[in-house]
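Visitor: Throw the hints in and build the complete structure from the sequences for me.
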Amino acid sequence: MKLVTAIIKPFKLDDVRQALHEVGIAGITVTEVKGFGRQKGHTELYRGAEYNVDFLPKLKLETACTDELAEQVVEAIQASAATGKIGDGKIFVSSLEEVIRIRTGETGSQAI
Amino acid sequence: MEAHIFELQYAIDTFYFLICGALVMWMAAGFSMLEAGLVRAKNTTEILTKNVALYAIACFMYLACGYAFMYDGGWFLSGIEEFSLDGVLASSAENGFDGGAVYSGASDFFFQVVFVATAMSIVSGAVAERMKLWAFFAFAVVMTGFIYPMEGAWTWGGKEVFGLFSLGDDFGFSDFAGSGIVHMAGAAAALSGVLLLGARKGKYGPQGQTLALPGANLPLATLGTFILWMGWFGFNGGSVLKLADASSAHSVAMVFLNTNAAAATGLIGALIVAHFKFGKADLTMALNGALAGLVAITAEPSTPTPLQASLFGLVAGALVVFSILALDKLKIDDPVGAISVHGVIGFLGLMLVPVTNDGASFVGQLVGAGTIFVWVFATSFVTWLVIKMVVGIRVSEEEEYTGLDIGECGLEAYPEFTASSS
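Heads up: the sequence lines are chains D and U, in that order. Yeah, the first sequence ends on 112 if you go by this note's numbering, and it's all consecutive. Yeah, the second sequence ends on 534 if you go by this note's numbering, and it's all consecutive.
The hints are simulated quantities; they were obtained by calculation from the structure and are not laboratory data. Warning: the hint list may mix true and false statements.
Unchecked claim - Subject to a maximum C-alpha distance of 20 Å in a straight line, what follows is the list of computed EDC-like cross-link-like pairs (lysine to aspartate or glutamate): (1) Lys85(D) <-> Asp14(D); (2) Lys12(D) <-> Glu62(D); (3) Lys443(U) <-> Glu50(D); (4) Lys315(U) <-> Glu44(D); (5) Lys389(U) <-> Glu50(D); (6) Lys2(D) <-> Glu97(D); (7) Lys392(U) <-> Glu44(D); (8) Lys315(U) <-> Glu50(D); (9) Lys40(D) <-> Asp54(D).
Stated by the list, open to error - Among chain D residues calculated to face chain U with C-beta under 10 Å, some are: (10) Arg47; (11) Gly48; (12) Glu106.
Everything numeric in this text was worked out from a predicted model, so none of it was measured. Glycine included, every Cβ here is placed at the ideal spot set by N, Cα and C.
Guide: Written out as structure tokens, the structure is:
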């Protein structure tokens, strides 16, 4: 099993959700986060003085899937979250040791 | 029949004064919102406390002794409650139907007192985010009880300046609704305070560059500006002092028209200049531009044509942007632009009077402006200095960092929001 974590541009959330739904993902966790990567921050202007905003708002999206589905999930996110401009975000894939559904106690891929 | 007409005229002119006074009172709300919008979130409760309290202090001090200094009469307005119908009718008969207005003395006080509060409000924005609350209140007592009433006595009160000369009789000094008497006076007091207080920490970089300390709430700043814009119709309109004859009513209408026109072009002027200087439409500069247009027209809103009023506003709005940038170059830190809007443009307003009013001269206006500025700046400077030596005027560096809300008031303005950064 894999845990796919993606940092995306906030306005792309609906597109990504739709794309993941189409590849068969049943659950997503979304968190509002701030950070910077290559895009760094950006400058704003207040009464003639420029200032830097170092941490930009992004969304962190987490979803668990089976090993077989992982590649499709990554492709779906990449295709739907991309704008081609700097700041599109990143996708992290990590191994997932165990998943437990709290209500029933099911484990492993049954619980995803 | 004639007596009834005079009584009606008295009623209308008194009512007009009261309504205009209520409009000007509402400008206190405008200043509160403008300042609350342009400071950082951590200083919001303090600036609001300062604004409501300064209004209250101004009202009490002017009632206690300010009005007596400015227009004679008794301490605590003693005698103002008396009313004599015969006296009213005699004055009306003497002035004639279209002569000077006859109105209740109480309405005159009410209209005058809200101007004092306006002058004091100007100070609070300029010293925001770093001044001790109680030091500010101490200054407010002196400013509204003594400093303002004295210069008010020399101008609208018609008294001689320490028995030396008369601004009105000797120099023909003319300031219709107070570009100099109210606005530049407030700015002079603010400037002296800012010079002793110093800039906010983090406002100027090590190489002297201006850094941004963005205001927390631009919707509030915009609302505040609109409230001030509306209140200004009372400020200038009421200063006609009379409504109840045809020529006065027309004059009031011209004042409303010109006041609105100057505010509009002031905003346009600032917006355009800021766009060419910064490449963006700068909202807070535009708001300052509207106020600059209003301040500029305040010294004489009744004689300009609508085109002249529009041009005056445009010049004021453009100039205020350069003034704000110039003060930052001098490291005079003014979070809301009050010294530029009310001081620099207040002076401009005084100097524009002779353009449309033959009764005034440039020399007379200069003497008047100089007298007001020197008096208010010098007495304010001494007052601030005394307060500084006795209790200090600036909060500690740590309190400035954590915010004056907690330090001075023990309360955050938005306790359920998480701040993004200070």
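Visitor: Each of the hints needs a verdict: does it hold here or not?
Guide: Hints and how they fare:
no.: 1; hint: Lys85(D) <-> Asp14(D); in the structure: holds, 18 Å
no.: 2; hint: Lys12(D) <-> Glu62(D); in the structure: holds, 15 Å
no.: 3; hint: Lys443(U) <-> Glu50(D); in the structure: holds, 17 Å
no.: 4; hint: Lys315(U) <-> Glu44(D); in the structure: holds, 16 Å
no.: 5; hint: Lys389(U) <-> Glu50(D); in the structure: holds, 12 Å
no.: 6; hint: Lys2(D) <-> Glu97(D); in the structure: holds, 8 Å
no.: 7; hint: Lys392(U) <-> Glu44(D); in the structure: holds, 10 Å
no.: 8; hint: Lys315(U) <-> Glu50(D); in the structure: holds, 12 Å
no.: 9; hint: Lys40(D) <-> Asp54(D); in the structure: holds, 6 Å
no.: 10; hint: Arg47; in the structure: holds, 5 Å
no.: 11; hint: Gly48; in the structure: holds, 6 Å
no.: 12; hint: Glu106; in the structure: violated, 37 Å
Comparing the model with each numbered hint stated earlier shows that hint 12 is the single one that does not hold.
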